[in-house]
Amino acid sequence: MIRLRLLICSGVLAILLASAPPIVVTPVAGQEPAAAAATYTPGRTPWGDPDLQGVFDFQSDVPFQRPLDLGNKTEFASPEEKAAYRQRARINQAPTRPAAPSVGSYGAEWTPRNVVPNLRTSLVQDPPDGRLPPMTPEALKKYQALTNYRRIHLERYDTYEDVATYERCISRPMPRINQGYNSGTLIVQSPGWVVFLYEQLDTRIIPLDGRPHIDSNIRQWNGDSRGHWEGNTLVIDTTNLSDKQKGFPPAEPLRGGKEGLVTTGSPLGDGIPMGVSYDELGRSGYPQGNVHLIERYTLVDANKMNYEATIDDPTTWTRPFTYLMPWRRETDYQIFEYACHETNYGLRNALSDARDQEKLAAEAARKKGKPGSK
Amino acid sequence: MRIQFGRPLNGAVGTVVIAAVLFAFLRTAGQAPAAQGQFPRTADGKPDLNGIWQAIGTANWDLEAHEARPSPVLALGAVGAVPAGLGFVEGGRIPYQPWAAAKKQENAKNWLKLDPEVKCFLPGVPRATYLPFPFQIFQSPGRLLIVYGYSYARREISMVPRGKGPIDFWMGWSDGRWEGDTLVVDVTSFNDQSWFDRAGNFHSEELHVIERYTPITPYHIAYEATIEDPKVFTRPWKISMPLYRLVDKSALLLEFKCVELTEELLYGDVVKKPKK
Chain F
4 MIRLRLLICS GVLAILLASA PPIVVTPVAG QEPAAAAATY TPGRTPWGDP
54 DLQGVFDFQS DVPFQRPLDL GNKTEFASPE EKAAYRQRAR INQAPTRPAA
104 PSVGSYGAEW TPRNVVPNLR TSLVQDPPDG RLPPMTPEAL KKYQALTNYR
154 RIHLERYDTY EDVATYERCI SRPMPRINQG YNSGTLIVQS PGWVVFLYEQ
204 LDTRIIPLDG RPHIDSNIRQ WNGDSRGHWE GNTLVIDTTN LSDKQKGFPP
254 AEPLRGGKEG LVTTGSPLGD GIPMGVSYDE LGRSGYPQGN VHLIERYTLV
304 DANKMNYEAT IDDPTTWTRP FTYLMPWRRE TDYQIFEYAC HETNYGLRNA
354 LSDARDQEKL AAEAARKKGK PGSK
Chain H
65 MRIQFGRPLN GAVGTVVIAA VLFAFLRTAG QAPAAQGQFP RTADGKPDLN
115 GIWQAIGTAN WDLEAHEARP SPVLALGAVG AVPAGLGFVE GGRIPYQPWA
165 AAKKQENAKN WLKLDPEVKC FLPGVPRATY LPFPFQIFQS PGRLLIVYGY
215 SYARREISMV PRGKGPIDFW MGWSDGRWEG DTLVVDVTSF NDQSWFDRAG
265 NFHSEELHVI ERYTPITPYH IAYEATIEDP KVFTRPWKIS MPLYRLVDKS
315 ALLLEFKCVE LTEELLYGDV VKKPKK
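So the sequence lines, in the order shown, correspond to chains F and H.
Residues in the first sequence are numbered from 4 upward in steps of one, following our numbering.
Residues in the second sequence are numbered from 65 upward in steps of one, following our numbering.
The shape of chain F in the complex, shown without the other chains (with noise of 0.2 Å):
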C-alpha cells in the first residue's frame, strides 16, 4: 500500500518538474541585463520551492560607497572602463597588508582573488548617490567614542572584547559585506527550511514556517531569521541582533574629496589619519541591537546570484539603506571545517605581548625616574 502512494507521488512530481523547466539567459560579459534579472526561472526542489542550493562565493572589488568623483554614475559602461579607473586612481579595495611577507602577514596564498564581476560604481544602491545616508547625532557620538577607543587600542589590545569579533573567532559581522578569504557559502534547502553554512564560522538556520520572531530577551550574533518566498526571490527577515554584533560603516578610501584628496568615506569625514586600515576602523562599528535586516535572494541565471540587504536602524541612520551584492556559483570549492577557536594561538599571543609591551614601558619610566641609573 505505501509503495503503491509512493509511486503515485513520484508521478505527480515527475509531471510538476517536467513542467517547470528553467529558463537560462546568457548575459553580456560583465553585466546583468535588467530583463534577464527579472525572468530567470531557477528549477524546483521536489517540495516546489525554488532551488538556490549550491555553494556561491561573493568576494568583490567594488567599493561599499560610491567614489565622489564619479558623482550620479551608477555602473561602469565595460570590464575596460572600469580597470582604466581603477589605474587612474589606484584604488585597491583589498585590506591594506604589508608588501614584504612578514610573521603575522597575509601572503598570497591567504588571497587568492576570487572577485565576482561587477560593473556598479558601488555597493550602496539605495539612497541612490550609492552613499550611506548620515547617522543620528547620538549614534555618531558613540561611534566617535568607539572610533578613538579603536586608534588607541589599535593592536594594543588590553582585553579580548578589543579584538574584530572573527579574530576571536566567534562570528563575522551581519550581514556580510565584501571578505578576503574563506567567503565561500553553501546553501542548503528542505520542506520548510533554507539553512546557509558560511564557510568562516557561521551556520544561519531559516525557517520558512511563517512563526514570530523569538523573544525580545534573546539576542544572537546572527539575530533571528523568517524567510518566505517572494516569486523566486527568498525574503530574510532578521531582528534580535546582539548589541555586541558590530557593523558598519567600512572606512574606505574615496577620491575626489575636497581639493581631489582622498577621504575616507566614514560618517567622522576625514578625521580618521589613513595610516589605518579600512577594516581595521570598520571592526569599531555601531552595537547593531536595533537593527531590522531584510535580504533578499535572487538568482539571476543558473550561475548567479544577487543578494540584496536593507539596513533599517532608525536609532543609528536617519534612514534605511541598500546595498547589493553578486554571488557566483561555484563548482569546485570545498567547504572545509573551520576550527578557528581551537588553535587560536595569535589571540592569546596578541594580548600577552600587550601585557609584555605594558611592563617594558613601565621599567623604562621607572628606570628614568631614578637619578644615577643607566
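Please keep in mind that the hints were generated in silico from the structure rather than gathered at the bench.
Remember, it's a predicted structure, so these values are computed and weren't measured experimentally.
Glycine residues also receive a C-beta, built at the ideal position from the N, C-alpha and C atoms.
Don't take each hint at face value.
Said to hold, decoys possible - Covered, in the sense of this in silico footprint (three residues per stretch, anywhere, with C-beta under 8 Å from a C-beta of chain F), are these stretches of chain H:
id : region
1  : 193-205
2  : 208-217
3  : 307-318
As the list claims (entries may be wrong) - Pair ranges (Cβ atoms, derived):
id : chain 1 : residue 1 : chain 2 : residue 2 : range
4  : F       : Asn309    : H       : Val224    : 24 to 32 Å
5  : F       : Lys370    : H       : Trp163    : 30 to 38 Å
6  : F       : Arg322    : H       : Ser268    : 19 to 27 Å
7  : H       : Gln161    : F       : Asp335    : 36 to 44 Å
Got chain F sorted already, so can you dock chain H onto it with the hints?
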C-alpha cells in the same frame, strides 16, 4: 548495556499501532510526520531525516556505567554533580589497551583542565550527537547536513563516496550511504584532540567511526556508532542510543556560541588588570 530498540521500521504491526497512537496524540505538532504513523519519506523513497533531534541521557557525562559523582566545582553543588548512568557501551567496558587505560584514568582525574568541551572546542564524532543540545538534520537530494546546537559544530555528509579527507579534522570527514532504511556514515580523518565524554575517554588520530541512523518510529531514530582505533583500543566497540524528535512547533536551535563564554577562562591571565 545494549539498549533494546524493538523491531525496525519495515517490521511489525505493533510498531505501527504505537506510532499511530503517538501521532494522533501529537497531531497538532508542526513537526509531526505525515499520515498513518509511518516515518516520513523523501520523494526518492528514502527515510526523511529532516528535523530537530536530540539524545537524552548521560552519555556525554560518561559513556560507561557509573554512579553519581560530586561536582568538581564546589560552588556548583548539585548543579555541577555528575548524574548516575546505565552506560551505553555494548559489553559494558571500553576495551582500552593497557597504556591507554592508564591515560584514561589520568584524563578523568584532570578532566576540568583537559576536557576540550570545557574550552568550547569542537566535540568530534560521535560526541556531537549526544551533547546536551539539539541538532538539526537537513536532507535534500544529494545533500545531507547536520548542524549541532553547540558552538559552530556542523558536518557536511557527502552522499558520494570520497574516501579519506585531505587533512585531519576535529569533526572528521564523512561519507554517507543508504543501506535499506539505515543511513550509514563512515567517518575518518580525525585529529586526536577530541574526547568521547567528560570522563576522559579519548582516541588517537587513527579513529574510525561508523554511524548508523535507523528510523524506528516516526519520532525516534536508533543511533549506533562503531568505534575503531587500533592505536588505543584492543578491538572495535559499539555504543547505541535512541534519538528523539523535538515535536514542539516552535522548536529551534538557538546559538550557543560558547567561544565568547570561555574567553575569560582561557585568556583572563593576559587581560589588562584595572589599576588599583
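Here is what the structure says about each hint:
1. A stretch counts as covered by a chain when three or more of its residues have a beta carbon under 8 Å from one of that chain; for the region 193-205 of chain H and chain F the count is 5, and the coverage holds.
2. Proximity of the region 208-217 of chain H to chain F, defined as three or more residues with a beta carbon under 8 Å from a beta carbon of that chain, is established by the 4 residues found.
3. Under the rule that three or more residues need a Cβ within less than 8 Å of chain F, the assignment of the region 307-318 of chain H holds, with 5 such residues.
4. Distance hint check for Asn309 of chain F and Val224 of chain H: the Cβ-Cβ separation is about 30 Å, which falls inside the suggested range of 24 to 32 Å.
5. Hint check: Lys370 of chain F to Trp163 of chain H, Cβ distance near 53 Å, so the stated range 30 to 38 Å is violated.
6. In this structure, Arg322 of chain F and Ser268 of chain H break the distance hint of 19 to 27 Å, their C-beta atoms being roughly 58 Å apart.
7. At roughly 42 Å, the beta-carbon separation of Gln161 of chain H and Asp335 of chain F lies within the given 36 to 44 Å, and the hint holds.
Hint violations for this structure: numbers 5, 6, all remaining hints satisfied.
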